[in-house]
Every structure is written in C-alpha cells, then in structure tokens.
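S.K.: Chains as they are written, first to last, in the working numbering: chain B, 1 to 239; chain A, 1001 to 1318.
Calculated directly from the structure, the hints in this document are not laboratory data.
Source: prediction; values computed, not measured.
Note that the Cβ used here is the ideal one computed from N, Cα and C, for glycine as well.
Wrong hints could be hidden among the right ones.
Now the stretches of chain B that chain A is said to cover, found in silico as 3 or more residues with beta-carbon under 8 Å [to be verified]: (1) 42 to 56; (2) 71 to 77; (3) 82 to 94.
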Amino acid sequence: MLTIAHSELIQIFRDRSALITSLIMPVAASAFFIYYRDGFARIGSLGYIAAVLVFTIAAFSLYATVVTTLAARRQNLFLKRLRSTAATDPAILSGLVLPVSVIALVQVGLILVAFSVVSGAPANIPLLLVAIAATFVMMLALGMATAGLTNSSERAQITTLPLSLVTIAVANWVGITGTESFTVLKRLLPGGSATELVIHSWNGGAPIGDSLLLVAPTLAWVAVAIVLAARLFRWEPRR
Amino acid sequence: MGPLTDGSAAAPDRGLLDGGTSSRPVIEVEALNVTYGDFRAVKDLSFQVRRGELYALLGTNGAGKTSALEVIEGHRRASSGTVRVFGKSPTDRAAVRPRMGIMLQESGFAADLTVAESVRLIGRLTGRSDTVKRVLGVVDLTSKTNTRVAQLSGGEKRRLDFATAVFGRPELIILDEPTTGLDIQSRDALWEAVDQLREDGSTVILTTHYLEEAQQRADRIGLMHQGTFWHQGTVAELTRTLPASIQFTLPVGAPAPPLDTTPADEGAQIIETYELQRELKRLLDWAEVNGVELVDLSAAPTRLDDVFRAIDTAPEHS
C-alpha cells in the first residue's frame, strides 16, 4: 500500500491541474471565508464558517480529487496494471487514496487551526474530530462511487459537480438557517447532520445528547456512501 | 535488448519453488465458460500448459482468447469451469502473482512516473526481487531511465511493459500481443530475451496476430474460433489438417499428369495433397519420363496462415 501511495504522491505533485484542484483552490476559498469571517459570522456563526471550511476541503481536496484520480487511473489501465501484481484490491485502493486523504486532512487541520487562532478555539474538539472523520470517510466513499460512474478524468469535472455543490449548499443552508425549520429534511440530506455537528462542536452550548443524536444520521450517510462505493466502483473501463 | 542474465539477481530455483511437483501442468483449464449477459465469449474450453512450454493462444477477432486469457491472469472470474495456475486459483494473487509476469495488451502506466519509477513500483508489487538497472538493460531502455512514461514512443512503452513482466524472472510469463508496435530489431531482441527465459525454465503463454511468430516459437498452439478450440496441437499437427499444394503450368499439347489436379488462374494447375514429398516425386518422375517441362513449378507446405484462413470457410459452431 505504501509503495502505491508513494508513487501516487509523486504523480500528484507532478500534475499541475491536480495540484490546483486539490491544494490551491480549497486553500484560496478557505482564506476568503476566514478573511471575511465577521461578515459570515453575522449571517450564521463561527461554527457555520468552520462547517463551510470542512466541506470545502472535503468536496474539492478530497472528493473531486479522488474521483479524478480513480477515473484517470482506470481509464489508462493503471488500475489493471496494479491488479496484475500481487497487491490486493484493498491495498491498491488504499494506496491510491491515501495521499489525497492525508493532504486533505492536513489542509483541514491547518485551516481550522488558522481559523481558531483568529476567531477563538472550538468548544468541543473531540466532537469536531468525529464530525470531520465522518465527513471525510463519507466523501471518500462517495468519491469511489462517483468514480464508478465517471469514464474519464475530463468527465470528473462534470460528475463531481452535483455532490460537491449539494454538500456545500446543505452546509450553507443548515449553517445560515439552523435546523429549527425542516429539521428532519436538513438532517437527512448528505452532510446536513455533519454540518450541525461541526457547528455544535465549534460554538458549544448544545446539550451533548442533542449532538450525539446527530451522530446517527451522520454515520448512516457514511454507511450509505460505503455501500454505494462497493456497488458502483469499477476497476476496468466499460467495454 | 541486453542479456537477461547478468548475475545481479539470482534466478529462482524452479524445482524448489514448485515444491517438487514439476510434473503438474503450470496452467490447467477445465470446461471454462465466460459469458457476458447472453453472449458466451468462451465455451467449454479445456487445455493445459506444461512447464517450460511456449503455448500460443491464437484466434480470429472475437474468438474469446482475451476473455480466456483474462481468467488465466486472474483479471476476470470464470462463469463456470475451473482454471488453476500453479495448482491455485489465479485470483489468489498472493500465491500466484509472485511467480507470474503479465505483459498486458495495452500499456497502463502512469504518464507522470519515470521509466525507473514505473519498473520499481510494479516490480516491488510483484513480490519478486530484481534490479531496475538489469531489467531496463534487458529491454534496452537504460538511456530512458529518468524519462517520464508520457514521453515514450509506443514501442518503448511495449518494451517497458515487457520489462515489468520479466522483473525477477517469473516462472510463468503471459505475453499478450507482445510485439505489436515494435520495430523488427526490438522484436528480435524481445524474442531473444524470451528464449533466454525459457532456457532458465520459464513457461510462456502468448497471444499474437503475427502468425509467423507463433509458427516459429510455439511448442503448441490453441487456435480459437467462436469461443472454443478450432484446433489444438503442435504446428505440425495443425498444418497436417490441411493439404499442401503443388502448382505448375503444362505446356500446350502435354499429356495429362497421373494426379488429380484442379485448374487455377492463367492455365495453372494445382495438386492438393497430404503427402507432399511422395506426390511431388511422383509428378517429377512422370514429367521426366514423358519429357514434360513443368512451367513455374512450386510446392508449398501448409502454413499456419492457411489453417487460420480455413476458419472462415468452416461451418459455424453451434
């Protein structure tokens, strides 16, 4: 797995478009939100900004890059090449997504640290870590599923848009309007309950029981994403 | 391409690797079926490949050889039937792949990795030990060590593919159209490297559209058509299924020869025979006794191409 991850890391740093998508764009977007944090905090809260930061990184750095990477590696038969060796399928997949996942985790860590430096530390760090972990696993699995529906790295620019936009829109909707209205709908949408978890963990003040209640739909989305990945992911191009 | 053996990595002891069961075929295919929906790509295919053998799996386009090969490689599961490689399921990668090198039909390399990085990556994942330097020397790509794959020509990518297949001198090498896109020098060099591997005891399974390569190199050939074997055997056994031909033109007024002839273009006559030497001698003796000059006389043994072409005229398999 580490051999594949090492070669994947080399490829990411040699591919300018991948670098821009996975590193520069999310960091630039995050810097924008942090810079105008007072304005965004007025329409939502600091927790809302934290949630948008998490989902921006998860959507662009992780999800879109995973889809692009897997579709490209399948399209040029690199996946088949790797499967011609003694490496197992889980080791191959793990090796391919490990660098992207680590880069995204480091990004979100650094960006949230920077955000906490200028706006104050989150109220419940363990809860925040749970929310980030669940969000990343969900987006990673959804990335594998979407890659199964994506024939090429070029098509990934289109196929990743719906889910990226939906999750960021849900984060904004929940973050700005709260969950007093359309509570069930907001919590059942992809990323809805995870957004609320991030907001609770950052702002504090919510009863722990309410927060734990949000873990269930968050983990349910993780499970759904994993099932979709298992059903939709393909190792070889369509004939 | 350079020598395959330079002492930098010891060749494996085949007897020890085999656990003393060297009489067992390396590949055993029994009643293999591969279906895609309602379409049966492979139908009840059975054959074995013995240790040290070069077995050529040939066939017309869509004959099912790629599907069969993919099952043997472990890339596809059989719809029914069994395939064993070294006595194991080919999907048992941990058991089979360290002993098997695969040269795919299409490259499948990462464009942004260098040649050395590509060989190192695939080499490490095979579980075999070897050096990048030696393997690149075998395929004459040493000068391209630090070149990115994206910058290689099609022929160089095929040679890189071959390099990863022979990394660590595997006991079994699967070559899927290995010489497509190679110039004649690279082809010769590749076959030289394959010969060297076979001298070391490797078993080779080959698919190719270049029939002369199969005719020259293969110990046995499986000729597929419509998902199953049309013929299987040595080149001699396959070519024996069709008559050889003797062609000549008789001068005006010459008597008829004592053999059955069929007319061909421009007054030529053809004798089709399964006993070329005897019939040719008989014709020549007759011509000498009768003082007949056989104009444009030629005698041609049956070639693999002829067997291949005969498939087109054959009735369809049910």
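S.K.: Next step is simple, just say for each hint if it's right about the structure.
M.R.: Verification of the supplied hints:
1. Counting residues of the segment 42 to 56 of chain B whose CB falls under 8 Å from any CB of chain A gives 0; the rule of at least 3 is not met.
2. With 3 residues bearing a CB less than 8 Å from a CB of chain A, the segment 71 to 77 of chain B meets the requirement of three and the coverage assertion stands.
3. Remark: the segment 82 to 94 of chain B is confirmed as covered by chain A, as 7 of its residues place a Cβ nearer than 8 Å to a Cβ of that chain, reaching the required three.
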